[in-house]
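Chains A and B supply the protein sequences, listed in that same order.
Each residue of the first sequence is one higher than the one before, counting from 1 in this note's numbering.
Each residue of the second sequence is one higher than the one before, counting from 1 in this note's numbering.
Keep in mind the hints are simulated off the structure, nothing from the lab.
Hints may contain errors.
Derived lysine to any residue pairs resembling SDA-like cross-links, with alpha carbons at most 20 Å apart [what the hints assert, rightly or not]: (1) A/71 / B/100; (2) A/42 / B/103; (3) A/42 / B/7; (4) A/37 / B/44; (5) A/58 / B/64; (6) A/22 / B/7; (7) A/42 / B/30; (8) A/37 / B/103; (9) A/42 / B/37.
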Amino acid sequence: GENVEQHPSTLSVQEGDSAVIKCTYSDSASNYFPWYKQELGKRPQLIIDIRSNVGEKKDQRIAVTLNKTAKHFSLHITETQPEDSAVYFCAAPNGNTGNQFYFGTGTSLTVIP
Amino acid sequence: NAGVTQTPKFQVLKTGQSMTLQCAQDMNHEYMSWYRQDPGMGLRLIHYSVGAGITDQGEVPNGYNVSRSTTEDFPLRLLSAAPSQTSVYFCASRRDFNTGELFFGEGSRLTVL
Chain A
1 GENVEQHPST LSVQEGDSAV IKCTYSDSAS NYFPWYKQEL GKRPQLIIDI RSNVGEKKDQ
61 RIAVTLNKTA KHFSLHITET QPEDSAVYFC AAPNGNTGNQ FYFGTGTSLT VIP
Chain B
1 NAGVTQTPKF QVLKTGQSMT LQCAQDMNHE YMSWYRQDPG MGLRLIHYSV GAGITDQGEV
61 PNGYNVSRST TEDFPLRLLS AAPSQTSVYF CASRRDFNTG ELFFGEGSRL TVL
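Next up, chain A with everything else stripped away, as it sits in the complex (with noise of 0.2 Å):
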């Protein structure tokens, strides 16, 4: 099945600062690659998302980047502020049905006001 790094497990910045997550997969035929934001307590929500016939995709502050080459993809998120505090997760699917989605382990990202 596929297998999801996602790195780092805490993040740490600035209000007004940059964050970038980043996620590796190992199964060359997913084509699909999401990010989701939980925020404490809650269920976690999609954010973006990304199919592999583009390399980028922007939404307001937030972007995902993808590497199909280097089987990696990123989370961007730019002038941060603190209700962007949450942990996020990236996720690919199995390549070949697309059924299973295989998750990240999460990134608590903290914006310090």
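Fit chain B to the given chain A structure using the hints.
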């Protein structure tokens, strides 16, 4: 729309007891799944279903049973609870194979003594 609804939100069991976590969605999603979330381990797939009558195992299926008799419901059964099953459980659904976003329920916190 209620989205994905899980019950109960909290449960304490004794070792050896059985119980069922309920999950229902009102979005007419074909795909439903159960994850467990443990500290430092991200979200791990237990079982999933691609439609009524069809279920399959994920990464960590041992000790759990599922069935899918209707499109709306996907209960998770713990046959004989063990302390290692202490976790937060999330049910998630998505429309179909090509629609990647997973919609999560609020989670069920299970403690096995």
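Results for each hint:
1. Proximity of residue 71 of chain A to residue 100 of chain B is assessed by CA-CA distance (about 19 Å); at most 20 Å being required, the pair is judged to hold.
2. Annotation: proposed proximity of residue 42 of chain A to residue 103 of chain B holds, straight-line Cα distance about 13 Å (limit 20 Å).
3. Taking the CA atoms of residue 42 of chain A and residue 7 of chain B, the gap is near 15 Å; set against the 20 Å cutoff, the hint holds.
4. Distance restraint check for residue 37 of chain A and residue 44 of chain B: the Cα-Cα separation of roughly 16 Å lies within the 20 Å cut-off, and the hinted pair is therefore satisfied.
5. Distance check on the hinted pair: residue 58 of chain A and residue 64 of chain B sit about 39 Å apart at the alpha-carbon level, beyond 20 Å; violated.
6. Restraint check for residue 22 of chain A and residue 7 of chain B: the C-alpha separation of about 34 Å exceeds 20 Å, so the hint is violated.
7. Of the pairs offered as hints, the one joining residue 42 of chain A and residue 30 of chain B is violated, with about 24 Å between alpha carbons and a cut-off of 20 Å exceeded.
8. Note on residue 37 of chain A and residue 103 of chain B: the hinted pairing holds, with a Cα-Cα distance of about 12 Å set against a maximum of 20 Å.
9. Distance check on the hinted pair: residue 42 of chain A and residue 37 of chain B sit about 12 Å apart at the alpha-carbon level, within 20 Å; holds.
Comparing the model with each numbered hint stated earlier shows that hints 5, 6 and 7 do not hold.
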